[in-house]
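If you read the sequences in order, they're chains V, F and S.
Numbering of the first sequence is given in the numbering used here, commencing with residue 1 and proceeding in unit increments.
Numbering of the second sequence is given in the numbering used here, commencing with residue 310 and proceeding in unit increments.
Numbering of the third sequence is given in the numbering used here, commencing with residue 587 and proceeding in unit increments.
Incorrect hints may have been included.
Unchecked claim - Partner residues aside, some chain S positions facing chain V, computed with beta carbon under 8 Å: (1) L723; (2) E794; (3) G798; (4) V999.
Said to hold, decoys possible - With the Cβ distance kept under 10 Å, some of the chain F side facing chain V (calculated, not the full set): (5) I337; (6) V363; (7) G392; (8) L394; (9) V399; (10) P421; (11) L429; (12) F433; (13) V455; (14) N540.
Quick caveat, the hints were computed from the structure, so don't treat them as lab data.
Note that CB positions come from ideal geometry on N, CA and C, so glycine has one too.
So the chains spell out like this:
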Amino acid sequence: MAVNAPMTRGQRISAFFYRHPWAKPALLMLPAVVWLVVVYLGSVGAMLRQSFWSLQEFTGALDKTFTLSTYEQLFDGANRDIIVRTVGLAATVTVLCAVLAFPLAYYMARFATPRMKTILYLAVLMPLWSSYLVRALSWRQILANEGMLLWLLRKLGIEGVVDVILQAPFLGGTSLISSRFSLVIVFTYLWLPFMVLPLETALERVPKSFVEASSDLGARPRLTFRRVIVPLAIPGLIAGSIFTFSLTMGDFILPNMFGSSELIVGQQVYVQQGVVGNDPLAAAFTFVAMVVMLVYLLLAKRAGAFEAL
Amino acid sequence: MSDERAGLGLRIAAFAVMGFLYIPLGVIVLYAFTTQSTSFTFPPPGLTTKWIGVAFGRSDMWEAFRLSLLVGAAATAVAVLLGGLLAAAVYRSTFFGRNALAFIVVLPIALPGIVTGIALQSTFNQFEIPFSTWTIGIGHTTFCIVIVYNNVVARLRRMSPNLVEASSDMGASGWQTFRWVIWPNLGTALLAGGILAFALSFDEIIVTTFTSGQQKTLPIWIFSELFRPRNRPVTNVVALFAIVITFVPVLVAQLLTRDPTEGGGAIMAGATTERSS
Amino acid sequence: MSRWIRVVALVGVLALVAAGCGSDDTSSETDGGGGTETAAPVGDPDSPPITEIGEGEGEVNIVAWAGYIEDGSTDENYDWVTQFESDTGCQVNVKTAGTSDEMVALMQEGSEYDLVTASGDASLRLVYGGTVQPINLDLIPSYDTVDERLQDAEWFTVDTNGNGEMEHYGVPYQWGSNVLMYSTDAFKDVTPDSWSVVFEEQKLPDGESNTGRVQAYDGAIYIADAALYLMATQPELGIEDPYALTRDQFDAALNLLRQQRELVGRYWHDAFVQMDDFVNGEAVASSSWPFQVNFIEGTGERFLSVVPKEGATGWADTTMMHTDAPHPNCAYEWLEWSLNPKLQGDLASWFGSVPAVPAACEGNELLGPDGCQINGIDNFEQIKFWKTPQADCFKGDGSTDCVPYLEWVTNYVAVIGGR
């Protein structure tokens, strides 16, 4: 390349980016950043701003002076119940999803032939294409008192199992559909694919050499599993749980169909925003949901979950 | 990875979970053919195929279907562009605020949908933007960007940086490296991200409820149908139809992009983080 | 850790900056909602409403319950839109809402919609929030055909500017009463005659307790149903209007509801979910709407309904017009059309409600000669229609003796949650 030849336009552009290394990424990022920060974050910020306002009790008028009184309301018995109940539900669903997802993901990652893997992957993904509402509703047919599950159990003569479940302390109720048990099952079912997929990816990354080394060192398969494989899978578990958690917390449709009508955070936001017009309280609850998720995200990042993505 | 045989227990467990995933779908299929029209009982008193005709005869269903396809395609297209660019930028460079950005990017998915929905709705109101297909699209694009971004970043991380160096060592210009080395790798990741983004946009209801005006996407149509329980099996037929219709393109995409040794294909190329409804 | 502080700080700053850039004008939407300050801007009753209907604007946007505005696409026999569109040139665009909450939210957020079919628990909220405007009845010639008992009903006819004259904020559309729906599997051939079957623990004719087999509406307005029951069982409380409750009366109602919580399997929110629950044996008695009773699929007489001796609450929907309706002329055309007897009858048949225009009960094919009876037209006197509880007990004098709706919601949510 002759040193003194004039640069072509292409070379000039390259040179510019070479001298100003920040320019290229800045340009690439700009549209997306504008979108996410201005549109999304701005909207969320504007909404959260309302949580520092309050609603006058008698007139229901919006009082825009800065106050923390709306947040104080969150500590009222009933509101506290809602928050605790929601977090508890989301945690239960997450754990159950993880437990169910593991065998499938493990099988897919380690033992399935390439063709089988493709089939299984598609099979896990396919339910997501069908309507979430219709899938949820089909569970009503399964869990109803005169529905499929009880029909099957009666045929097998073990319907007593249901009574045992209904006696359970946290999950029980008067009938399957109106018990928290059904809410847990349906949420677990709906979000299961979102747990399987990241978990599978994480498990795929476990190098075979690790497993071999572990058994070379004398560990039996179960110990290898516990000490080598599971810790390496944790980032995938956490990535999946981010979604089971956030999806459960924000849902306001399913608790109307299953469980015993106790509100969870998503519904409370929806209800308070409506006829009541208590936007500040709705915003405060939203803030709670955000805080829970942010804490979770921070912990997840610490545990390296984002490396699994 | 496949030279070991899984234990019987593991295989049973894996397929049991898969069965768990598909039983409700079986129920959907069953009740798409029941003769009952408002409430379902088990076992269904009879079977009929008439609901298929009824469902397909509903012009409002087709409109909702078309709208869902349109919004999904548009949101996915924009997301692929913006998300891809964003991933390319973040992956290679370090700059102030990069961590914060990576964090922000996950938010539309990590935060509950109702937050996104209400926040966007009040912004549209403040700026007096009328609710239309555009506003629905904006809502969907927001979380679609995240999905594409995640997929592309994951793929870029797995791509060895040596490839790029080797390419320019061999004399390729920036553009050539991009065209012949980077793009083929990115392509499958973009496709994977795009497919997932489309899937989620297609079935999304929570954000859409808040950002739509008169328009009905398919999930909203289904939701409103369920409110007036006449011809209930129609919603089952439509749900079934949605799976059948999307199965083929997804399968084709998978086969087209399959890596013969890994058996992966577009779907698996880092298709890890998803979000729904 | 300092890295994280930087991240969080950056995110926080960005959010605040972006939020701050939004306009500060959120006050225009959510005003009032129970206030009785006569100075409050309320749908501007002092400026004269439209005095004549001009040229149609080409379309009209309506927020309505699912099934209220049918154009034949669900069932070709039920279409009362196509003719309107060809007669007036106003294209009808419907946005369906599932709850009163949604309706209020939709109407308040911007002025995209012209009309809303508001139920009584939302209508006053819309009036006092300044969201809807008074209607000039001279422009609605058919208004005289509306059931006289509804024409000046208190959930949409109020004197908002204190000048002694009542303004009408809407046009009645349909009404219905809540009924006690029960399953004959559980009640055998006994007809329950009291709400006690859902409020008090007891053994039903089939020998089992009613615990866990009862349902109740999950909207806070249901507190009025409890109050209604107390009017009969605890007259010493002095309740006269189940929607105007003093603190003591309110607490008594809440106690009854807490007692009821033990009996309730689930609170119903959606009609079709409730129908499912009954058909599948989950529930055997509940407050309900004729809508469910008519459409529930059973074997003929399996599910029946009755208005118990204590009376019942009911709902009456009123079509109201937005203060800043973008298509006022088409909106007025629709308001007049909504009182068309054939529309009223067809709708009553479709929805299971009672027409606001009594003449619609005669000669309607779809409704049939007994349709109005079946849907409950004879129950009017026994019904206490929904209206949004106000702090001033509906007296308009700025007093605060009664419990406002805001508290109804918070307390009911707590009761359902087990507190």
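Does the CB of S:L723 sit less than 8 Å away from some CB of chain V? Result: violated, 27 Å to nearest chain V Cβ.
Cut-off 10 Å, beta-carbon criterion: hint that F:F433 touches chain V: With a closest approach of 9 Å, the F:F433 hint holds.
Please verify that hint: F:L429, Cβ, nearest Cβ of chain V, below 10 Å or not. It holds, given that the least Cβ distance between F:L429 and chain V is near 5 Å, below 10 Å.
Double-check F:V399 for me: the hint is only fine if its C-beta lies closer than 10 Å to a C-beta in chain V. 7 Å, holds
Holds or violated: is there a CB of chain V closer than 8 Å to the CB of S:V999? For S:V999, the interface hint holds, since the closest Cβ of chain V sits about 6 Å away, which is under 8 Å.
With a cut-off of 10 Å, does the beta carbon of F:L394 approach a beta carbon of chain V closely enough for the hint to hold? 4 Å, holds
Holds or violated: S:E794 as interface residue toward chain V, Cβ cutoff 8 Å? The hint is violated - S:E794 has no Cβ within 8 Å of chain V, the shortest such distance being about 12 Å.
Given F:P421 was flagged as interface, is its beta-carbon under 10 Å from a beta-carbon of chain V? 2 Å, holds
Hold the hint about F:V363 up to the distance rule: shortest CB distance to chain V must be less than 10 Å. For F:V363, the interface hint is violated, since the closest Cβ of chain V sits about 16 Å away, which is over 10 Å.
Interface hint for F:G392, Cβ within 10 Å of any Cβ on chain V: Holds. Min distance 7 Å.
Would you settle whether the hint for F:V455 is holds or violated, based on the nearest Cβ-Cβ distance to chain V being less than 10 Å? 8 Å, holds
Tell me if the interface restraint on F:I337 is satisfied: Cβ within less than 10 Å of some Cβ in chain V. 5 Å, holds
When the structure is compared with the earlier hints, violations turn up for hints 1, 2, 6 and 14 and for no others.
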